[in-house]
Each structure stands twice: as C-alpha cells, then as structure tokens.
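Mind docking chain B on chain A? Use the hints.
Chains as they are written, first to last, in UniProt numbering: chain A, 1 to 267; chain B, 1 to 335.
The set of hints was computed from the structure by calculation and includes no laboratory data. There could be a bad hint or two in this list.
Subject to a maximum C-alpha distance of 30 Å in a straight line, what follows is the list of computed DSBU-like cross-link-like pairs (lysine-lysine) [stated by the list, open to error]: (1) B:Lys41 - B:Lys194; (2) A:Lys261 - B:Lys131; (3) B:Lys235 - A:Lys96; (4) A:Lys12 - B:Lys36; (5) B:Lys194 - A:Lys96; (6) B:Lys17 - A:Lys87.
These numbers come from a predicted model, not from an experiment.
Here is how the chains run, residue by residue.
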Amino acid sequence: MFRFRLYWTFTKKAFLRSAVYRFDVWSRLGSNLIFLLMWGSIWTALFAGREEAGGVSFESMLTYIVVSQFLSGVNGAGTPLWEIQEKVRTGDISLKLMRPFDVPLRYLFADFGSVAFYILTALLPLYTVMFIFMDLTLPSSWETWALFIVSAFTGFLIRYCIEMSFGLLSFFLVETGGIVDVFYFAMSLLSGSVIPLWFFPGWLERMALYLPFQGIYYIPNAVFIGRISGIEILLSLSVQLFWAAASYLLLRFVWKCASQKVVVQGG
Amino acid sequence: MPIIEVEHLMKDFMIAKRETGFLGAVKSLVKREHIKKEAVKDISFSIGEGEMVGYIGPNGAGKSTTIKMLTGILVPSSGSVTVNGIIPYENRQENAKNIGVVFGQRTQLWWDLHTIESFELLKEIYQVSGKRYKENMDTFTEILGLDEFLNTPVRQLSLGQRMRADIAASLLHDPPILFLDEPTIGLDVIAKEKMRTFIKGINNERKITVILTTHDMEDIEKLCERMILIDHGQKVYDGEIAVVKERFGKTRTLIVDLEESSHSLQLKGGEVFKEEASRFWIRFNRDEVSASELISQITETHNIKDLTVEEPAIESIISRIYQEGYQELTETVKI
Numbered sequence: 001m002f003r004f005r006l007y008w009t010f011t012k013k014a015f016l017r018s019a020v021y022r023f024d025v026w027s028r029l030g031s032n033l034i035f036l037l038m039w040g041s042i043w044t045a046l047f048a049g050r051e052e053a054g055g056v057s058f059e060s061m062l063t064y065i066v067v068s069q070f071l072s073g074v075n076g077a078g079t080p081l082w083e084i085q086e087k088v089r090t091g092d093i094s095l096k097l098m099r100p101f102d103v104p105l106r107y108l109f110a111d112f113g114s115v116a117f118y119i120l121t122a123l124l125p126l127y128t129v130m131f132i133f134m135d136l137t138l139p140s141s142w143e144t145w146a147l148f149i150v151s152a153f154t155g156f157l158i159r160y161c162i163e164m165s166f167g168l169l170s171f172f173l174v175e176t177g178g179i180v181d182v183f184y185f186a187m188s189l190l191s192g193s194v195i196p197l198w199f200f201p202g203w204l205e206r207m208a209l210y211l212p213f214q215g216i217y218y219i220p221n222a223v224f225i226g227r228i229s230g231i232e233i234l235l236s237l238s239v240q241l242f243w244a245a246a247s248y249l250l251l252r253f254v255w256k257c258a259s260q261k262v263v264v265q266g267g
Numbered sequence: 001m002p003i004i005e006v007e008h009l010m011k012d013f014m015i016a017k018r019e020t021g022f023l024g025a026v027k028s029l030v031k032r033e034h035i036k037k038e039a040v041k042d043i044s045f046s047i048g049e050g051e052m053v054g055y056i057g058p059n060g061a062g063k064s065t066t067i068k069m070l071t072g073i074l075v076p077s078s079g080s081v082t083v084n085g086i087i088p089y090e091n092r093q094e095n096a097k098n099i100g101v102v103f104g105q106r107t108q109l110w111w112d113l114h115t116i117e118s119f120e121l122l123k124e125i126y127q128v129s130g131k132r133y134k135e136n137m138d139t140f141t142e143i144l145g146l147d148e149f150l151n152t153p154v155r156q157l158s159l160g161q162r163m164r165a166d167i168a169a170s171l172l173h174d175p176p177i178l179f180l181d182e183p184t185i186g187l188d189v190i191a192k193e194k195m196r197t198f199i200k201g202i203n204n205e206r207k208i209t210v211i212l213t214t215h216d217m218e219d220i221e222k223l224c225e226r227m228i229l230i231d232h233g234q235k236v237y238d239g240e241i242a243v244v245k246e247r248f249g250k251t252r253t254l255i256v257d258l259e260e261s262s263h264s265l266q267l268k269g270g271e272v273f274k275e276e277a278s279r280f281w282i283r284f285n286r287d288e289v290s291a292s293e294l295i296s297q298i299t300e301t302h303n304i305k306d307l308t309v310e311e312p313a314i315e316s317i318i319s320r321i322y323q324e325g326y327q328e329l330t331e332t333v334k335i
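Looking at chain A on its own, in the form it has when it is part of the complex:
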C-alpha cells in the first residue's frame, strides 16, 4: 500500500522549506550561470568559427551546453551527497527508522518539492529568457518536448537513486572521500554533462554507453537537440528506464543493508 498522500505532504513541506532559503536559490543560480558562461566560451573557442564539428552544428552544441546546465540545476536542487552523508553521520537517518514510512521514498518526494521550487522560481524564468534571446535549437514538435521531459525526469530518478546509494555507503565507511570523488567524476564526465559522448574516444564512449550516467544528461540532451530521433529515441528511453529500475534496485539493496546494519550494529 503506497501512501501517496503522506509522501505528497513531504513534497509540499520541502517546497515550503526551500522558500526559507532564498539566498541559496540566488547563489545557486549565480554559480549555474557562471558554469554556463564558462562552458559556453570553451565550446565557442573549440569550434573556432567552424559551423560544424563531430556531425553537430555549433548552434546545437551551444544548445547542448545550455540544456545541460539546466539539467544540472534541476539535479543539483535535490539533497546533495554531502548532506546525505551528514544525515548518516549525525544519526538522523537511523532515527527515521522509527517512523512509519519508507526512508528512501521520503527523501525522493521531499526532493521533488525542493526541485519544483527551484525550477519555478529560478530555472524556468532564466532559461526561458535565454532561449528567447540566444540562437539555440528548439525541438520542432511537441512530441519531442514531451519525450525530453520524460527523459529528463527518468534521468533525475537515476541520479537520485545513485546519489542516495553512494551517500548511504557512509554507513559502512569511515572515510568517504574516495566515494565522493568517484561519484563526481562519473557525474561530470561519464554522464556527458559537459562533453557530449560523441566526442569521446571510441573506447570511452562505449564504456559510457554501458553505464547508467549517460541517462542523466546525455540522453535527454540528445533528444532535445535532435541528435537522436524516431526509433532511436525509444531505444534510448528504454535504456534509461532499464537504468532507472536497476539503480532503484541498487538503492533498495544498499538501504536494506544499511538499515540491517543500523538495527544490528546501532548505526
């Protein structure tokens, strides 16, 4: 029995909570913009006046970076890795075992609230302006828009499950610096967030295609700029759904081990 009303309450409360941290919203938006400018300039320089590289036009490449920064804003508004680790360390998460709800779902739904607030108040206004005033590629059909939203949402779920699983590893490790490095490396490079996978050397591209991270940035982005179309989109979405399911199972497994450890070892 899934108690939607309860989890929805977490979403609502988290939405309200975000409103408390207005400064946080602005500073996050600021750093998002700086990264956008940085990657925008880097790619402009790399294209060096060429119309096309790697089979993609300069305009599409720029769109890729903008969409990527948008997605990074969306994903960054959830509970970050360090905060999960902090909650493990302080025993916050262990104490939640005493409550009649499912902990991973509770945080997921709370994240929906924080992310929704950030999208509505900061990301949407900013990126709408950006798309109006810059020369960017927009999906030509509403179907592509819809597929992009589905794909981005699935990517968000994959990212949540993986980030949460990594965070919960703090239950088993005293020193978590290595975990953090691996996570951020995979998140920034293997996901294709700053360099599209088609620019990777063949072996690295193959490796990235076999990993879940591409589902977070690369696939939604490829849908948006029209790098993939038709049956390819459906294929990519299936890959994403597969990874969403797999990373959810991973999260359930890690959570099961973690709560088992808490109840046996006292966390």
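Just chain B, lined up with the frame of chain A:
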C-alpha cells in the same frame, strides 16, 4: 497486564579494534579484529499499563541501547522484547504507531519550517484523523502554550519551547507508550517544573505508560514511583523509590549554629564531620538516635541559634549505589 515485557535481553556490539603504530595501521587495512562489547547483558523487567518508570544509569550503562530495542531500531542479540503485544524489531512500523519518543538532545521537528508544519506532517505520517488532531492540538496548546510559537520556525525556538513542541509532537497520534530520553536536559528551573507537571498530567489523565531516562534525579523523584537502575548493562535495582530511600536514607545531617564558638562537641549517637566557626555538621542514623535527643544533648552545654536537619537526596543515594553496588551497600547499611 504488562504493556512492556523484557526478558533476558542482551545486546552485543562488535567494535573494530584499533591497532596502534604504523604496523598496526597497515595490518588493520587488510584485516580488522573486532572485540565484543556487551552493552546490555541479561536485563529483564515488565512494566504495567499506565506506569511511569524511571530508567536510570550512568553514561554507558546501556540505557539508550535498551530504549532503542524497545523502539525497534535495534535487534537484540538474544532475549525477548514485547511492546504492547508487538515484537518491535520484527514489526517496526506497527510498533511506531504505539510509541511516542522524545529525545531531549535532538529535535524531531523539521528544523527550517514553522512549528505548525511539523505537526501537520506528523498528522499525515501517523494518519491522525482531522477531528482527533484538532482535539489534541487544542489540549496541548492550552497546557503547553504552543500558540506563542506555532508560527515560528523551529530553529528560532528557545530550548524550553522546543521541548514543549517536541513532547506535543510525540503525543499527537495518541500512543499508549511514551519514551522520554532526558526531557528536561538544559531547561531552567521553571521550564523543568512545567515539563514535569505536563508529563505527570498526561500519565494521570491519559493513562499513558511512560519510561523516563534522565540524569536529573529530581525528575525521578517528582514523577516516578518506580525506578529501574542499571549499571554495566545489568539491572542493579528495580522497585519503589521509597524503598531505596527508606533503606539507604537513614543517615541524616544535623546542622547547628551555636551562639558561641566551641572547640568540643561530643555527642552520643552523632558524629561531627565538619565544623566551621560556630557551625557544626553532625551525621547520625535515624534508627539509633532522634534529632531531638541530639538537640537536647547540645542544649545542655550550649545555646543553639539556628538548626536544620537534612535528609540525603536521592541523588547521593544513587551515586553511592553506582559506586558501591546495591548488594554490598545493603550489607554495610545493616551493620
């Protein structure tokens, strides 16, 4: 009928042994040795419905470990626990509906939100009906004065307000059992007194069974008739507080202020253990000599300006039990 039943409860923890030195550090990278620590060894007790019991022990005695097993977030190594007919660790979520928990040291409210938002959230978590929620909120608001801070973010509450909010939050779903872990820690005298009155009240009126962990012996004295004393993971005493006081509280101290300073005060049945100018502290055993006998002995040779008789605080009795053990103490007292 007991609402909480604990039998031969044990809990061991495996603790990674830290090796010293460079070689030790390298060794522990590959293979780590563990030592077994027995946090709770063979504790049994049962608590009846509507009782209010003080669960006391020095730091590291195994109090929190026991409470955690009662709430279901720890599985016992052996022995059995039943809380309101449920085995907590087997059915944690079901057990959660039967218990309320307050930790004095940390809040369970949502830190950044207005206090009322946490209450609304708990209403959903525990599926409290709208009617019952309103009734409880009205009652708690009246007794605890919640209305003065319901619309303040939790992080801005004073400690006293936060405790009041926390205890109200733990009772919203009408749990038959309440665990209080140091509910008065850090509070000022007035706030402590208010908290105690409230706890006493809900125990009386709602017949809620309360288990109270605290280091403040005044809490125990004012609230509980029964206490369970544990030390080194074992039960040292379980029974009425009055009995302990009766048994160990026979020593009295008579403090007299004399009009003139005196160098010698020899008394039959009393022992001067401290003196300061014209003030004398005399220890005596209530069973052997009465205070009035001592006083008349003194007035034969001196004029008394002022006097007081002190009985030992439960605090000092308990610290003696910790130090000397209950059994040994019983014997020394008999002599």
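Consistency of the hints with the structure:
no. : hint                : verdict
1   : B:Lys41 - B:Lys194  : violated, 36 Å
2   : A:Lys261 - B:Lys131 : violated, 39 Å
3   : B:Lys235 - A:Lys96  : holds, 29 Å
4   : A:Lys12 - B:Lys36   : violated, 45 Å
5   : B:Lys194 - A:Lys96  : holds, 28 Å
6   : B:Lys17 - A:Lys87   : holds, 25 Å
Hints 1, 2 and 4, counting from the list given before, are not met by this structure.
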